[in-house]
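One letter stands for each residue in the lines below.
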Amino acid sequence: MTIEEKLDLIAETLDAERSNIKPETKLCTLDEWDSMGVISTIAMLDRKFKKVLSAEQIEKLDTVQDILDKMEE
Amino acid sequence: MTKNALFSLKGKKILITGASSGIGASVAKLASEQGAVCIINGRNEERLDQTLKCLTGEGHIAIVSDLKEGNGTELVKKAVKQAGPLNGFVHCAGIEKTLPFRATQISELRAIMAINLETFWEITQELIRSKNHEKEKLSVLGISSVAALYGAPGNTAYAASKGALISLIKSLAAEYAGKQLRFNCICPGYVDTPMLDVVKRLYKTEEEFISSIASKHPLGLGNPEDVASAVIYLLSDASRWVTGSVMTVDGGYGVR
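Top line first, the protein sequences correspond to chains X and F. Residue numbering for the first sequence follows the numbering used here, beginning at 1 and increasing consecutively. Residue numbering for the second sequence follows the numbering used here, beginning at 1 and increasing consecutively.
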C-alpha cells in the first residue's frame with residue numbers, strides 16, 4: 001500500500017476531508033479525531049494491519065504520521 | 001405464604017447463561033442463596049467453576065459450552081437431563097462491539113445478534129416444550145439494556161440486539177400467557193462489569209467517561225448485584241402477576 005493509499009484510508013476511517021489529511025497534520029486539530037474517530041482508527045489498524053494498540057500507544061498518537069507508522073503491512 | 005417465602009426460589013431450577021462473570025455470576029450466587037438449584041453456563045471452564053464454587057447449597061450444575069448455533073438447544077437438553085424440568089431461564093450471555101456505526105461491519109452485527117438474541121430464541125424455543133419445564137411454573141428473563149430504550153452512540157449493533165430482545169419477550173408474554181408462562185425483561189443501566197471497561201475505551205479520559213456516562217446515573221453506576229436482586233423478584237412467585245414487563249434497573253438513568 002502506498003503512502004497516498006494509506007492517507008486515503010485514514011481519511012475514510014475518520015470520515016474526514018482527504019485534503020485535511022497530511023502526514024504533518026496534528027490529530028488534535030481535526031474535528032473528526034473525537035472518541036469515535038479514535039475507536040475507528042483502532043479498529044482499522046486491527047482489521048487491516050493486525051495491529052492492536054495499547055492505551056499508551058493510543059495516547060501517544062500525535063500526528064497523522066504516527067498513524068502511518070503503525071500501518072506497516 | 002409468608003413474606004419471606006414469597007421471594008424464595010427454594011426448589012426452583014434455574015438455567016443461567018453468561019454465568020462465569022458479571023451479572024450472570026451475581027444472579028447465580030443470589031439465586032442459590034434464595035434456595036434455587038442453578039444450572040450455570042459459560043464458555044470458560046475455569047471461571048465457570050469459580051462461580052460454581054461460590055454458590056450456596058447443593059445440586060448446582062455447570063455446563064461449559066460456547067453458545068453457537070444449535071448449542072442452545074443442546075444446553076437445554078443437557079440441563080433437563082441432569083436437573084429435570086426447569087422453572088426459570090435468565091439469559092445473561094451477551095457481547096458488544098464498541099464502534100461507530102459507519103465502521104461496524106454487517107458480520108459484527110450478525111455476531112452480536114447471534115449471542116444476544118438468537119441464542120435466547122433457541123433456548124426458549126426448546127424450553128417451552130412441555131417436557132422441559134414445570135407446568136405453569138416457568139419464568140423467562142432477558143437482560144436487555146438502557147441502550148435499547150435511549151440509544152447508545154458507538155454501540156448501535158448492541159442496542160439493536162437488545163431492542164429486538166424486548167420486542168421478542170413482549171410477544172412471547174402475550175403468546176404464552178394462557179399457559180401461565182411468564183416472560184420479562186430487565187434493562188440495566190451501566191453496570192460495573194468487564195463489559196464496562198470496553199465502553200470506557202470510547203472516552204479519552206476518566207473525566208470524560210464520568211461526565212458522559214457515570215454522572216447520568218443519579219444513584220451512581222450499578223453493581224451486578226443490583227441487577228441480580230431484580231432478577232430474583234421476577235423469578236420468584238412474588239411476580240406471579242407480572243409478564244411482558246420491561247423493568248429498568250438503572251440508578252435513575254431514565255429520569256434525566
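Treat the hints with caution; some may be incorrect.
Short, incomplete list of chain X residues facing chain F, as computed with Cβ under 10 Å [stated by the list, open to error]:
#1 Asp8
#2 Leu9
#3 Ala11
#4 Thr13
#5 Ser40
#6 Ala43
#7 Met44
The hints are simulated quantities; they were obtained by calculation from the structure and are not laboratory data. These figures come from a predicted structure and were not determined experimentally. Think of the CB as a built atom: it goes at the ideal place given N, C-alpha and C, for glycine as much as any other residue.
Taking each numbered hint in turn, which are not upheld by the structure, reported in ascending numerical order? Going through the list in order, the structure violates hints 1, 2 and 3 and respects the others.
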